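There are 2 protein chains.
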Amino acid sequence: MKKGVDMMKIEEVKAGDLKPKEFIEQKIREMSAAVGKGFAINALSGGVDSSAVTMLGHKALGDRLKTYFVDNGIMREGEPAGIVALFANLGVKVEIVDAQDEFFRALKGIADPEKKREAVTQTFYKDVFGKLVRKSGAKYLLQGTILTDVDETVAGIKRQHNVFEQLGIDPQEAFGYKILEPLVQLRKDGVRKVAAALGLPESVYNRMPFPGPALAARVIGEVTPEKIKVVRKATVIMEEELASAKPFQCMAILHQDRVTGIRDGKRDFGLQIEVRCWDSVDARTAKPTRLPYDTLERLAKRMVTEVPGVVSVTYNITTKPPVTMEAV
Amino acid sequence: MKKGVDMMKIEEVKAGDLKPKEFIEQKIREMSAAVGKGFAINALSGGVDSSAVTMLGHKALGDRLKTYFVDNGIMREGEPAGIVALFANLGVKVEIVDAQDEFFRALKGIADPEKKREAVTQTFYKDVFGKLVRKSGAKYLLQGTILTDVDETVAGIKRQHNVFEQLGIDPQEAFGYKILEPLVQLRKDGVRKVAAALGLPESVYNRMPFPGPALAARVIGEVTPEKIKVVRKATVIMEEELASAKPFQCMAILHQDRVTGIRDGKRDFGLQIEVRCWDSVDARTAKPTRLPYDTLERLAKRMVTEVPGVVSVTYNITTKPPVTMEAV
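These protein sequence lines map, in sequence, to chains R and H. Okay, so the first sequence: first residue is 1 according to the numbering used here, each after it adds one. Okay, so the second sequence: first residue is 1 according to the numbering used here, each after it adds one.
Hints in this document: simulated from the structure, not taken from any laboratory. If you're wondering where the values come from, they're calculated on a predicted model, not measured in any experiment. Some clues are possibly wrong.
Note that identical chains are pooled: a pair holds if it fits in a single copy or bridges any two copies.
[Said to hold, decoys possible] In the BS3-like style, the derived pairs of lysine-lysine whose C-alpha atoms are separated by at most 25 Å in a straight line are: (1) Lys229 with Lys108; (2) Lys115 with Lys266; (3) Lys266 with Lys287; (4) Lys14 with Lys266; (5) Lys301 with Lys233; (6) Lys37 with Lys66; (7) Lys108 with Lys193; (8) Lys229 with Lys301; (9) Lys66 with Lys178.
Can you build the whole structure from these sequences, using the hints too?
Quick look at the structure:
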């Protein structure tokens with residue numbers, strides 16, 4: 001991990017000082033100028049960052065931006081189709097790339113969280129998106145990096161994203177490639193304002209963060225299609241039950257540890273789901289949402305009833321720091 | 001696991017119908033008659049069941065009952081000395097047996113919860129208490145079995161306690177041995193009434209259940225002296241913070257799963273403690289106590305601050321069933 005990344009070049013725009021329309025116009029001008037008559041490519045995950053970048057990019061470049069949605073098999077219920085439909089309504093064409101098998105193959109046998117993230121990242125960049133980039137001949141990549149990502153890279157909390165290497169592209173050979181990161185001066189609250197001003201619906205601009213490794217980051221230990229099925233089902237229930245609380249971010253995590261339960265009077269050594277629901281403004285610090293016990297108990301009841309194998313549900317009561325929002 | 005244990009012989013005495021003084025007198029008469037001029041032995045764990053049995057036994061048999069406290073190394077902070085002092089105040093002499101090394105040796109490398117319980121049970125009965133019994137020449141054993149234990153044995157939730165085999169005593173050779181279980185008609189609420197009527201202090205008769213495997217049942221995965229240290233410290237904090245809530249039972253559980261945290265701005269892949277706090281009358285069913293969020297947050301804050309390595313704390317929100325009160 002490289003230290004000493006030069007952060008001096010990035011001038012933070014605080015959400016309070018942000019004028020979304022002017023910001024958008026400025027970024028459109030910058031991107032148009034940078035890409036010129038060339039064309040660009042980006043990957044949409046459906047999160048607020050990549051959604052805002054996709055809209056910005058299409059406003060700046062129109063059809064000269066090609067947007068892909070990579071279905072990695074570790075998405076939430078109905079995610080790929082839902083996001084493509086949403087952007088189609090906004091006049092933006094997004095192409096789905098089915099890469100489920102590649103991702104599950106890459107995740108097989110990996111329990112270490114960092115190696116798991118690495119496998120998802122590598123598969124995405126090298127095996128899937130890297131191929132698309134090379135095939136497309138695009139020389140510009142749009143990325144939804146925000147200032148918090150940069151902070152965490154510098155602090156060594158997350159791995160640094162050296163995008164060229166990740167794409168399997170030799171920097172020598174890749175001369176001319178350029179990464180555009182139009183949101184890098186903003187934090188999450190600023191991005192939400194920009195996303196709203198770009199005409200994205202509330203379901204997107206107020207969308208909870210759901211980082212790249214997606215449900216793979218919601219499974220402690222090895223990720224398998226079976227475990228993804230469990231945590232996907234738990235996630236649907238959690239999102240239904242916590243929607244009205246409008247949390248900054250919430251998640252259901254499938255533990256690797258098993259705990260003792262009773263089913264029909266018999267011992268059942270079963271699964272445990274941990275629920276986290278965060279109050280936060282900018283993701284740098286967070287507190288557990290003080291959900292009513294009625295909600296917590298209904299949530300637990302539905303999970304042990306509707307998700308096969310689950311016998312226990314917990315709620316995280318720690319602040320960030322020292323815990324991070326994601327468990328894995 | 002044997003099925004079809006004859007439960008017909010056990011006539012339940014419900015707490016509501018229990019007349020503690022008459023019950024005590026009857027049990028004293030029965031034990032005196034059974035033991036006659038012989039002598040008996042029992043092991044005190046400090047829980048309400050074994051404390052009540054110890055008092056009953058001493059009232060019935062006086063010095064002809066020899067009571068041992070086995071220090072297995074997996075007890076709570078200050079437990080062995082505290083309990084011996086408490087009984088000394090009541091005029092009952094209890095001998096501490098230091099068996100910490102035996103237990104940690106037996107637990108080494110075992111992650112499976114049932115094998116772990118088995119190791120604790122076997123070490124207790126065969127290696128430690130079994131030797132004491134054989135050396136003492138006592139022909140009578142007092143045990144704190146209650147009706148819920150019998151139910152759970154029959155249901156296959158816990159393993160059946162075939163005490164003779166557990167003691168490493170051949171039933172043939174052991175002819176004449178007798179197990180006395182004076183509390184077997186009662187459930188926990190009844191035992192508490194009897195314990196109070198026996199003159200035990202409130203700290204004992206309202207003591208939360210803390211089963212045999214003790215802190216070993218509060219560690220998911222392999223039990224080591226280091227992990228016991230962590231969970232012991234977390235247990236002290238939990239008991240201090242939850243004392244005023246007067247829960248039926250509460251516990252801090254050290255998970256084997258590690259989760260990501262941040263310390264001093266750097267990634268810290270750390271430990272997770274799960275807190276459980278149960279509302280229950282008789283342990284057959286239970287609900288999570290609706291602890292105030294102020295309490296939960298203070299608890300979490302203290303654990304991540306005071307217990308080295310802990311970055312995350314959760315609170316269990318499931319009911320029994322399907323979860324059991326203990327995790328392991």
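field: Index of numbered hints that the structure contradicts, given in increasing order
entry: 7
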